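> Start from the sequences and build out the full structure, keeping to the hints where you can.
Chains as they are written, first to last, in full-length UniProt numbering: chain X, 1 to 436; chain G, 1 to 436.
Since the hints were made in silico from the structure, they are not lab data. These numbers were taken from a predicted model, which means no experiment stands behind them. Among the hints, erroneous ones may be present.
As the list claims (entries may be wrong) - Not close to chain X: a few residues of chain G, all C-beta gaps over 10 Å, as computed:
#	residue
1	Ala98
2	Asp221
3	Gly260
To be verified - In silico contact screen, one side only, chain G against chain X (beta carbon under 8 Å); selected entries:
#	residue
4	Gly283
5	Val298
6	Leu302
7	Phe303
8	Ser315
9	Arg326
10	Ser328
Positions of the beta carbon are idealized from the N, C-alpha and C atoms, including for glycine.
Listed below, chain by chain, are the residues.
Protein chains: 2
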Amino acid sequence: MAANLRIALAGLGTVGTGVIRLLADNGALIASRAGRGIDIVAVSARDRQRDRGIDLAPYAWEDDMTALAARDDVDVVVELVGGSDGPALALARSTLGAGKSLVTANKAMIAHHGLELARLAEDHAARLRYEAAVAGGIPIVKGLGEGAAANRIERIYGILNGTCNYILSEMEDTGRDFAEVLSEAQALGYAEADPTFDVEGVDAAHKLAILASLGFGTRLDFDGVEIDGISRIRAADIAQAGALGYVIRLIGLADCELAGGGGRHLFQRVAPYLVPVSHPLAGVDGPTNAVVAEGNFVGRLLFEGAGAGDGPTASAVVADLVDIARGSAAPAFSLPVEALEASAPVDPGHRRNRAYLRFMVADRPGVLAEITAALRDAGVSIESMIQLGHPDDEENPVLVAMVTHEGPESAVTKALDLLAGSASLAEEPLVMRLLG
Amino acid sequence: MAANLRIALAGLGTVGTGVIRLLADNGALIASRAGRGIDIVAVSARDRQRDRGIDLAPYAWEDDMTALAARDDVDVVVELVGGSDGPALALARSTLGAGKSLVTANKAMIAHHGLELARLAEDHAARLRYEAAVAGGIPIVKGLGEGAAANRIERIYGILNGTCNYILSEMEDTGRDFAEVLSEAQALGYAEADPTFDVEGVDAAHKLAILASLGFGTRLDFDGVEIDGISRIRAADIAQAGALGYVIRLIGLADCELAGGGGRHLFQRVAPYLVPVSHPLAGVDGPTNAVVAEGNFVGRLLFEGAGAGDGPTASAVVADLVDIARGSAAPAFSLPVEALEASAPVDPGHRRNRAYLRFMVADRPGVLAEITAALRDAGVSIESMIQLGHPDDEENPVLVAMVTHEGPESAVTKALDLLAGSASLAEEPLVMRLLG
Numbered sequence: 001m002a003a004n005l006r007i008a009l010a011g012l013g014t015v016g017t018g019v020i021r022l023l024a025d026n027g028a029l030i031a032s033r034a035g036r037g038i039d040i041v042a043v044s045a046r047d048r049q050r051d052r053g054i055d056l057a058p059y060a061w062e063d064d065m066t067a068l069a070a071r072d073d074v075d076v077v078v079e080l081v082g083g084s085d086g087p088a089l090a091l092a093r094s095t096l097g098a099g100k101s102l103v104t105a106n107k108a109m110i111a112h113h114g115l116e117l118a119r120l121a122e123d124h125a126a127r128l129r130y131e132a133a134v135a136g137g138i139p140i141v142k143g144l145g146e147g148a149a150a151n152r153i154e155r156i157y158g159i160l161n162g163t164c165n166y167i168l169s170e171m172e173d174t175g176r177d178f179a180e181v182l183s184e185a186q187a188l189g190y191a192e193a194d195p196t197f198d199v200e201g202v203d204a205a206h207k208l209a210i211l212a213s214l215g216f217g218t219r220l221d222f223d224g225v226e227i228d229g230i231s232r233i234r235a236a237d238i239a240q241a242g243a244l245g246y247v248i249r250l251i252g253l254a255d256c257e258l259a260g261g262g263g264r265h266l267f268q269r270v271a272p273y274l275v276p277v278s279h280p281l282a283g284v285d286g287p288t289n290a291v292v293a294e295g296n297f298v299g300r301l302l303f304e305g306a307g308a309g310d311g312p313t314a315s316a317v318v319a320d321l322v323d324i325a326r327g328s329a330a331p332a333f334s335l336p337v338e339a340l341e342a343s344a345p346v347d348p349g350h351r352r353n354r355a356y357l358r359f360m361v362a363d364r365p366g367v368l369a370e371i372t373a374a375l376r377d378a379g380v381s382i383e384s385m386i387q388l389g390h391p392d393d394e395e396n397p398v399l400v401a402m403v404t405h406e407g408p409e410s411a412v413t414k415a416l417d418l419l420a421g422s423a424s425l426a427e428e429p430l431v432m433r434l435l436g
Numbered sequence: 001m002a003a004n005l006r007i008a009l010a011g012l013g014t015v016g017t018g019v020i021r022l023l024a025d026n027g028a029l030i031a032s033r034a035g036r037g038i039d040i041v042a043v044s045a046r047d048r049q050r051d052r053g054i055d056l057a058p059y060a061w062e063d064d065m066t067a068l069a070a071r072d073d074v075d076v077v078v079e080l081v082g083g084s085d086g087p088a089l090a091l092a093r094s095t096l097g098a099g100k101s102l103v104t105a106n107k108a109m110i111a112h113h114g115l116e117l118a119r120l121a122e123d124h125a126a127r128l129r130y131e132a133a134v135a136g137g138i139p140i141v142k143g144l145g146e147g148a149a150a151n152r153i154e155r156i157y158g159i160l161n162g163t164c165n166y167i168l169s170e171m172e173d174t175g176r177d178f179a180e181v182l183s184e185a186q187a188l189g190y191a192e193a194d195p196t197f198d199v200e201g202v203d204a205a206h207k208l209a210i211l212a213s214l215g216f217g218t219r220l221d222f223d224g225v226e227i228d229g230i231s232r233i234r235a236a237d238i239a240q241a242g243a244l245g246y247v248i249r250l251i252g253l254a255d256c257e258l259a260g261g262g263g264r265h266l267f268q269r270v271a272p273y274l275v276p277v278s279h280p281l282a283g284v285d286g287p288t289n290a291v292v293a294e295g296n297f298v299g300r301l302l303f304e305g306a307g308a309g310d311g312p313t314a315s316a317v318v319a320d321l322v323d324i325a326r327g328s329a330a331p332a333f334s335l336p337v338e339a340l341e342a343s344a345p346v347d348p349g350h351r352r353n354r355a356y357l358r359f360m361v362a363d364r365p366g367v368l369a370e371i372t373a374a375l376r377d378a379g380v381s382i383e384s385m386i387q388l389g390h391p392d393d394e395e396n397p398v399l400v401a402m403v404t405h406e407g408p409e410s411a412v413t414k415a416l417d418l419l420a421g422s423a424s425l426a427e428e429p430l431v432m433r434l435l436g
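The following block contains the structure:
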């Protein structure tokens, strides 16, 4: 057996302590699978005194986490601090720059700085691994970058944020509104105190940008992700979707086409979609994640599992450590950085979809005529429509929901432009596309 | 870049020609991902003259496929011949014995001889890879052996045979009986001319035994798989199951417990199960495969995709080639052969299940009393029961179907023993468990 792999842990929150527990519980099995033991030699976190329910005495302590990268007795640094920049990025740079390998669960850092870090890893013959950064315990980075490596990946989509999926499936099950379910999710620990990154789609966008680069062989382009969240969805939207045979899920979706001049057109969107109840993603409830990848030989692959949590995330972190211990040499993004292609974001206007449109309107004559005229003038054809009034309450706005026939997204955009500023609309219309 | 990986192909059926097409179509991408090109240098098949729609002129031809293993210009042999023994096994032995790596799609050979071949690979510093042998294009071997490598796997189950799944979902959709749908599946190429291995569960059992060894770290034990097929299922069974909220799927299921003396108890079964419509496996239709693995940290992972077909299978074969080109050194069964534990098959009698029992009985007084008395005497409690009679036809047997409350399997076995040989039964009762 080779010498044990010596690791340092930066960050001792639930995932960090989960990694310590996992290596303790499954250590013998992992050593046998990896061909050598995996030893934690040093740790660092903000507060040394905090009671984490585990004994840190066996490990060297560093107050300055960057010092972990400089230790002679460390082969791999595991970064579980979070944040796209700041201490996490400094630690990542020092680690790879010192020729040590880096394992991270930090999706924001990879989405923003993944290429720089991958290049640093290549230059210093180190490994960069981030399985835990995307879809928690699901081995999707390995699945795409190795399992589907023989394919040109044409499309990737899935449920990438467990908090949003929990909230949407709770709203669906209980008929309650967004704000109420969000509060409950916060109380249960499924949502952060500041839920913005989750509910506004930013977290899912980090993961989508990473998957797109990995799958399509394009350069990471987080800024190219079109992002919409779930905070404007009402219980009534979910009820309407349900009546039509759909559930609402926050979907990250990316596809990639050859552009005219030989470059690549990359489409990346995070937004709530109406998913047909018969689609595999419709059955994905609670904080579960699921990713579909379509390859030109393998067809459609689906991966599903826990999207977060200390156990699943620790499982992904340690899978990366086992890979490194076994000597795995796959590039961080499946291709060498120099082989990743540049791409240009594609105008989504020509994409053809059916769409769900919801208007909150004043309950007075002529409003429906105004909306339907705008849709007609923009060339949007209506497949079905429902108006939910308040018979005893003429003060409050009423909900008008409709589903369009398939047509270009630009037509819907034009219709909404025509309606912009209308005194009939009590709030901005909500648009969600139908998946399929 | 390292020197190209030089491969030889044995077997030029649909999968073999699929591999040739895949390497032609995606060759540049694969070379970039693998860090070096993958070149086919030699091929062998039974009939050199057959028109396969591809040009074999660029490749050396060997009449005797075993000669591929002896060629100095070959690094890896890809075995796509099939059959657990015979030429395939001879080729595998010569290849690994010569220190060359072997990639195979041959589930029967791996299920029967996997340990011997893995040991041969270890002894000669060669690689044995068989992603395509289990669940077609789904990267489940990689998912279990690498992606979930940090976990003690506790349970593995899934839909492992696309032919059976196609037949069952067709029966479900059309209400037709087994024989009719099987004929159609044969005409469509979804079932072999001799469908026995598929419909009697043997093919799924090969895959289950492989997954169990890989997941649990136990020695392959194909003979320990309890096998039951789908050929006795009637349209009426599917209708009854549907009325109760279930679909019928052929499931391979394995779990592993520590035995008293420190050994391991391995349970492996392939059988039709009633799957609740809300379960992710219930939505898996047609020739699709899906595998669930439950790990002690990651929780439940699900992998789904095409279970067969030339494109998906070629995708899995070439993923193995990319791994070998990248220098992957993971052991064939995730653990070195000497670390795989012995196990003993466990008596399933103590397993607690709900069960679906179906009797074809003579339509005369007292039959129901006879059956229910036997169930009572064996301690089996009935949750629901239905009898489908033929009001105008007293000659033909009628169907009595019931679902039991949860209880030990041994009680159902005892009840059927009590009824064995009864003149009231027109055929042997059909027992299917409920997945739950």
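> Now tell me if each hint is right for this structure.
These are the hints, each one checked on the structure:
{"no.": "1", "hint": "Ala98", "in the structure": "23 Å, holds"}
{"no.": "2", "hint": "Asp221", "in the structure": "19 Å, holds"}
{"no.": "3", "hint": "Gly260", "in the structure": "20 Å, holds"}
{"no.": "4", "hint": "Gly283", "in the structure": "6 Å, holds"}
{"no.": "5", "hint": "Val298", "in the structure": "4 Å, holds"}
{"no.": "6", "hint": "Leu302", "in the structure": "4 Å, holds"}
{"no.": "7", "hint": "Phe303", "in the structure": "6 Å, holds"}
{"no.": "8", "hint": "Ser315", "in the structure": "4 Å, holds"}
{"no.": "9", "hint": "Arg326", "in the structure": "5 Å, holds"}
{"no.": "10", "hint": "Ser328", "in the structure": "6 Å, holds"}
When the structure is compared with the earlier hints, no violation turns up for any of them.
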